[in-house]
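Start counting the sequence shown at 6; every next residue gets the next number (the working numbering).
Hint data in this document are derived by calculation from the structure and do not stem from the laboratory.
Source: prediction; values computed, not measured.
Heads up, the beta-carbon is just placed ideally off N, CA and C, and yes, glycines get one too.
Check each hint, because a few of them may be wrong.
What the hints assert, rightly or not - Restricting the straight-line Cα-Cα distance to at most 30 Å, the calculated cross-link-like pairs of lysine-lysine (BS3-like) are: (1) K107 - K164; (2) K164 - K216; (3) K196 - K209; (4) K53 - K164; (5) K209 - K164.
What the hints assert, rightly or not - Simulated DEER-style distance windows between Cβ atoms: (6) H172 - Q106: 54 to 60 Å; (7) D83 - Q186: 21 to 27 Å; (8) R128 - L57: 44 to 50 Å; (9) R36 - E113: 20 to 26 Å; (10) D78 - F49: 19 to 25 Å; (11) R48 - L140: 18 to 24 Å; (12) E113 - A184: 29 to 35 Å; (13) I198 - D78: 17 to 23 Å; (14) I24 - M77: 40 to 46 Å; (15) R93 - L46: 46 to 52 Å.
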Amino acid sequence: MDPILPSGAMFGLAVLVLIFAIILSAFRILREYERGVIFLLGRFYRVKGPGLIIVIPIIQQMVRVDLRTIVMDVPTQDVISRDNVSVRVNAVIYFRVLDSQKAIINVEDYLQATSQLAQTTLRSVLGQHELDEMLANREMLNTDIQSILDSRTDGWGIKVSNVEIKHVDLNETMVRAIARQAEAERTRRAKVIHASGEMEASAKLVEAACKLAEEPNAILLRYLQTLTEIASEKNSTILFPLPMELLQGVMKKNTEGQKKKADD
Numbered sequence: 006m007d008p009i010l011p012s013g014a015m016f017g018l019a020v021l022v023l024i025f026a027i028i029l030s031a032f033r034i035l036r037e038y039e040r041g042v043i044f045l046l047g048r049f050y051r052v053k054g055p056g057l058i059i060v061i062p063i064i065q066q067m068v069r070v071d072l073r074t075i076v077m078d079v080p081t082q083d084v085i086s087r088d089n090v091s092v093r094v095n096a097v098i099y100f101r102v103l104d105s106q107k108a109i110i111n112v113e114d115y116l117q118a119t120s121q122l123a124q125t126t127l128r129s130v131l132g133q134h135e136l137d138e139m140l141a142n143r144e145m146l147n148t149d150i151q152s153i154l155d156s157r158t159d160g161w162g163i164k165v166s167n168v169e170i171k172h173v174d175l176n177e178t179m180v181r182a183i184a185r186q187a188e189a190e191r192t193r194r195a196k197v198i199h200a201s202g203e204m205e206a207s208a209k210l211v212e213a214a215c216k217l218a219e220e221p222n223a224i225l226l227r228y229l230q231t232l233t234e235i236a237s238e239k240n241s242t243i244l245f246p247l248p249m250e251l252l253q254g255v256m257k258k259n260t261e262g263q264k265k266k267a268d269d
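Please model the entire structure based on the sequences and the hints provided.
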């Protein structure tokens, strides 16, 4: 028969196993990006880590805090802009814990609190701007939202490093209205450019006319050059304006001849 250990030995063995388990449970390993907030009998004691730390069982408790940058997607929010346009906007925020003590003690759940604060801030900031500013000045809006979130989460030991607005969704009616507005703007620019071109061309034509008026034969040379350009295109019919200056001599001679006949 196997020897039966006395009850005292069994109790001692159980105590040794329990002590060994308690000693093992006192050792914790924290990674480089983790910190442990230690509470001693319910009161804050210190922040430990990274590496191997000792947490006394029963009288000490530890809460792990991740110090890496957290990427949080802000759910789509219904926003009414300052010019009364309804849009759906979502964004993403980048933040990290700088002070583990504040992140655990000053707020119940810093992840949930930051998410809710980001949603309300996104609606309030975008509601102060018009639709054109939302579409064209996203960098300015990102900076405004980031600065507001960073200031409000400072008491939680959180640093908001960046905010990016991802999408600004419009309904079909507003998309068509924006398309018509863009088309009208393009048409306006085309008309302005055409008018500016006509003004510059008229100024150049006046300058050219003044140059040609300085020498009577210059206009004849210009006519001949134009005729040469037209003839090079192999046209079957050529319409060429006859300058009145060429007929002035003939008309003058005819007038003088008629006067002589009348005198005779």
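Hints versus structure:
1. Note on K107 and K164: the hinted pairing holds, with a Cα-Cα distance of about 12 Å set against a maximum of 30 Å.
2. Taken as a hint, the K164 and K216 pair is broken in the structure, with Cα atoms around 72 Å apart against an allowance of 30 Å.
3. Annotation: proposed proximity of K196 to K209 holds, straight-line Cα distance about 20 Å (limit 30 Å).
4. Distance restraint check for K53 and K164: the Cα-Cα separation of roughly 20 Å lies within the 30 Å cut-off, and the hinted pair is therefore satisfied.
5. A C-alpha spacing of about 63 Å is found between K209 and K164, which places the hinted pair above 30 Å, so the restraint is violated.
6. Evaluation of the 54 to 60 Å hint for H172 and Q106 yields a failure: the beta carbon distance comes to about 37 Å.
7. Against the hinted window of 21 to 27 Å, the Cβ-Cβ separation of D83 and Q186 comes to about 23 Å, which satisfies the hint.
8. Our hint of 44 to 50 Å for R128 and L57 holds, since their Cβ atoms are close to 46 Å apart.
9. Distance hint check: the CB atoms of R36 and E113 are about 24 Å apart, consistent with the given range 20 to 26 Å.
10. Taking 19 to 25 Å as the suggested C-beta distance range, the pair D78 and F49 does not conform, at roughly 32 Å.
11. A hinted range of 18 to 24 Å is violated for the C-beta pair R48 and L140, which are about 52 Å apart.
12. Our hint of 29 to 35 Å for E113 and A184 is violated, since their Cβ atoms are close to 48 Å apart.
13. Between I198 and D78 the CB atoms are about 44 Å apart, so this pair departs from the stated range of 17 to 23 Å.
14. Checked against the hint of 40 to 46 Å, the pair I24 and M77 passes, with Cβ atoms roughly 44 Å apart.
15. Between R93 and L46 the beta carbons are some 50 Å apart, a value that agrees with the proposed interval 46 to 52 Å.
When each numbered hint is compared with the structure, violations occur for hints 2, 5, 6, 10, 11, 12, 13.
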